Amino acid sequence: MTHRYGLSLEIKDSTDTADIVVWDEKASKLLKRTAADIKKEADEISAFLFLVFCSAQLKYPTLRDSIVFTAATMVNVPKTKKTYCKNKECRKHTLHKVTQYKKGKDSTAAQGKRRYDRKQSGYGGQTKPVFHKKAKTTKKIVLRLQCQGCKHVSQKALKRCKHFEIGGDKKGKGTSLF
Numbered sequence: 312m313t314h315r316y317g318l319s320l321e322i323k324d325s326t327d328t329a330d331i332v333v334w335d336e337k338a339s340k341l342l343k344r345t346a347a348d349i350k351k352e353a354d355e356i357s358a359f360l361f362l363v364f365c366s367a368q369l370k371y372p373t374l375r376d377s378i379v380f381t382a383a384t385m386v387n388v389p390k391t392k393k394t395y396c397k398n399k400e401c402r403k404h405t406l407h408k409v410t411q412y413k414k415g416k417d418s419t420a421a422q423g424k425r426r427y428d429r430k431q432s433g434y435g436g437q438t439k440p441v442f443h444k445k446a447k448t449t450k451k452i453v454l455r456l457q458c459q460g461c462k463h464v465s466q467k468a469l470k471r472c473k474h475f476e477i478g479g480d481k482k483g484k485g486t487s488l489f
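For our numbering, add 311 to where a residue sits in the sequence shown, where the first one is 1.
Among the clues, some could well be false.
[As the list claims (entries may be wrong)] Computed list of lysine-lysine pairs in DSS-like fashion (alpha-carbon distance at most 27 Å, straight line):
1. Lys444 / Lys470
2. Lys392 / Lys481
3. Lys413 / Lys473
4. Lys413 / Lys445
5. Lys451 / Lys416
6. Lys430 / Lys414
7. Lys413 / Lys462
8. Lys450 / Lys408
9. Lys470 / Lys408
10. Lys439 / Lys450
These are calculated hints, taken from the structure and not from any lab test.
Since we're looking at a predicted model, the values are computed, not measured.
Construct the complete structure from the given sequences, taking the supplied hints into account.
Structure follows, in structure tokens:
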């Protein structure tokens, strides 16, 4: 498929997605035009690329799914995972039990907590600033991997996700299997 401004399109078929390659044969002439011409051409090119995407979507229906679900809406992790154990006893790939890391209970004996409680006591209201400008809607998931051979525990951080599940059903539409 070739556009009238010298843009050429090539779709290479792979297993289940399409590689779309777009290049410009007349780049030197496009640079010499005015800003208005370039904006008009950019609008036409974006419309051309939209048509290309729609035609590729009809030919390769999984292309849309692979683009839409790059940021996984749900992460599903198996209950066991074979990975490398760094402990002196193992130092090889073994089966690990997977759980989600949880923050422990705050210690009341910590110096900062004792200082804060002392300052808060009595009259005078709130003495330290309380944070209200929370921006993030998700947290990064941390996996706790326990070696089934030597019981050594290691942690692995994943990316952010809205929904996280351990040992759920196998991969379906719209999920990411770790």
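Now the hints, each set against the structure:
{"no.": "1", "hint": "Lys444 / Lys470", "result": "22 Å, holds"}
{"no.": "2", "hint": "Lys392 / Lys481", "result": "14 Å, holds"}
{"no.": "3", "hint": "Lys413 / Lys473", "result": "17 Å, holds"}
{"no.": "4", "hint": "Lys413 / Lys445", "result": "20 Å, holds"}
{"no.": "5", "hint": "Lys451 / Lys416", "result": "19 Å, holds"}
{"no.": "6", "hint": "Lys430 / Lys414", "result": "26 Å, holds"}
{"no.": "7", "hint": "Lys413 / Lys462", "result": "18 Å, holds"}
{"no.": "8", "hint": "Lys450 / Lys408", "result": "22 Å, holds"}
{"no.": "9", "hint": "Lys470 / Lys408", "result": "20 Å, holds"}
{"no.": "10", "hint": "Lys439 / Lys450", "result": "25 Å, holds"}
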